[in-house]
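Participant: Work out the full structure: start from the sequences and follow the hints.
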Amino acid sequence: MEQYLSIGEMAKARGVNVQSLRYYEKLGILAPAHINPETGYRYYSLEQIMILDTIMLCVELGIPLKHLKNYVNEDGQLEFEQLLNAGKRLAKEKMQKIEENLQSIDHTLQHIHSQKSFLGRTGQYTRSIIPRCVITVPCLQTPEAKAYEKCLCGLFDLAREKGLHATFPHGIISSYRHGRYAGSRMFLEILPEEHGEAELLPEGNYICFQEGREIHSDPAKVFSNVLEANFDADIIVSSMSPSTYKYDKVILEFQLLLPHG
Numbered sequence: 001m002e003q004y005l006s007i008g009e010m011a012k013a014r015g016v017n018v019q020s021l022r023y024y025e026k027l028g029i030l031a032p033a034h035i036n037p038e039t040g041y042r043y044y045s046l047e048q049i050m051i052l053d054t055i056m057l058c059v060e061l062g063i064p065l066k067h068l069k070n071y072v073n074e075d076g077q078l079e080f081e082q083l084l085n086a087g088k089r090l091a092k093e094k095m096q097k098i099e100e101n102l103q104s105i106d107h108t109l110q111h112i113h114s115q116k117s118f119l120g121r122t123g124q125y126t127r128s129i130i131p132r133c134v135i136t137v138p139c140l141q142t143p144e145a146k147a148y149e150k151c152l153c154g155l156f157d158l159a160r161e162k163g164l165h166a167t168f169p170h171g172i173i174s175s176y177r178h179g180r181y182a183g184s185r186m187f188l189e190i191l192p193e194e195h196g197e198a199e200l201l202p203e204g205n206y207i208c209f210q211e212g213r214e215i216h217s218d219p220a221k222v223f224s225n226v227l228e229a230n231f232d233a234d235i236i237v238s239s240m241s242p243s244t245y246k247y248d249k250v251i252l253e254f255q256l257l258l259p260h261g
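If you're matching positions, the sequence shown starts at 1 in the numbering used here and goes up one per residue.
Treat each hint with caution, since some may be false.
[Said to hold, decoys possible] Cβ pair distances, simulated, as ranges: (1) G154 - N205: 15 to 23 angstroms; (2) A182 - S117: 32 to 40 angstroms; (3) H67 - A147: 25 to 33 angstroms; (4) I251 - A91: 37 to 45 angstroms; (5) D157 - D232: 47 to 55 angstroms; (6) L109 - D53: 19 to 27 angstroms; (7) N85 - D157: 26 to 34 angstroms; (8) K146 - S117: 49 to 57 angstroms; (9) K97 - A147: 28 to 36 angstroms; (10) G154 - T122: 31 to 39 angstroms.
To be clear, the hints were calculated from the coordinates, so they are not data collected in a lab.
Keep in mind that this is a model prediction, so the values were computed, not measured.
Think of the CB as a built atom: it goes at the ideal place given N, C-alpha and C, for glycine as much as any other residue.
Facilitator: Right, dumping it as structure tokens:
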């Protein structure tokens, strides 16, 4: 049996465990070259080390091992170039996904930093807010927590369907026309470069007010001191992003865009 490696020697040759080799055998991608009929001991040929190297490459590239058979031609030869090209495509996709996640993290960090000096303010105050790209769906003005989370999950699903990259800020936009409530939409912010698929909340100076989510006052009453009797307005009620987060202590910020001039 000198021409063979025991299962332990094969595992040691490439730093894998014996259980992995048994799993590869079960998948049908690395069967032992010889099995002792009396003891059941498994042995591998030296040539099979290259097959093991290929399997480990697939693991590194993220190619499902069950698909490895797709790269074996009719003559039983491994289409190595085809395998590497597939791995290259997967690696690029992973890099793109990582870059998108980093952009989402940076956007949320920007949100946290822009609010840090205002978090915990009492009474009304004014702050400048950059343009925000959002996707929206109709909702109740003050939905219960379970209904809110269900609607928010729907927005995340919608973002994925459209290939958009959602960030964490979210909330409700309440519209008032001629002084009357005209409906609400839940919004979820997405990365700004994707504004072609989204609604743009305008940049500007906003008069703001904070309160706990469990209160959630009527937005028009919050700003009754600055709204005229026959007004048109979209009042944004957005989740704030503190440095530390506690689910039952969510702070909402009511935001009303001040007119120019």
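Participant: Evaluate each hint against the coordinates.
Facilitator: Now for the hints, and whether the structure bears them out:
The beta-carbon spacing between G154 and N205, approximately 32 angstroms, falls outside the hinted interval of 15 to 23 angstroms. In this structure the hint that A182 and S117 lie 32 to 40 angstroms apart at CB holds, the actual value being about 33 angstroms. Between H67 and A147 the beta carbons are some 42 angstroms apart, a value that contradicts the proposed interval 25 to 33 angstroms. About 41 angstroms separates the C-beta atoms of I251 and A91, a value consistent with the hinted range of 37 to 45 angstroms.
For D157 and D232, the hinted distance range of 47 to 55 angstroms is not satisfied, since their beta carbons lie about 32 angstroms from each other. A beta carbon spacing of about 41 angstroms between L109 and D53 contradicts the range 19 to 27 angstroms that was offered as a hint. Under the hint 26 to 34 angstroms, the C-beta atoms of N85 and D157, about 32 angstroms apart, fit the expected range. Between K146 and S117 the C-beta distance comes to about 33 angstroms, which lies outside the given range of 49 to 57 angstroms.
The beta-carbon spacing between K97 and A147, approximately 31 angstroms, falls within the hinted interval of 28 to 36 angstroms. Remark: the range hint 31 to 39 angstroms for G154 to T122 is upheld by a beta-carbon distance near 34 angstroms.
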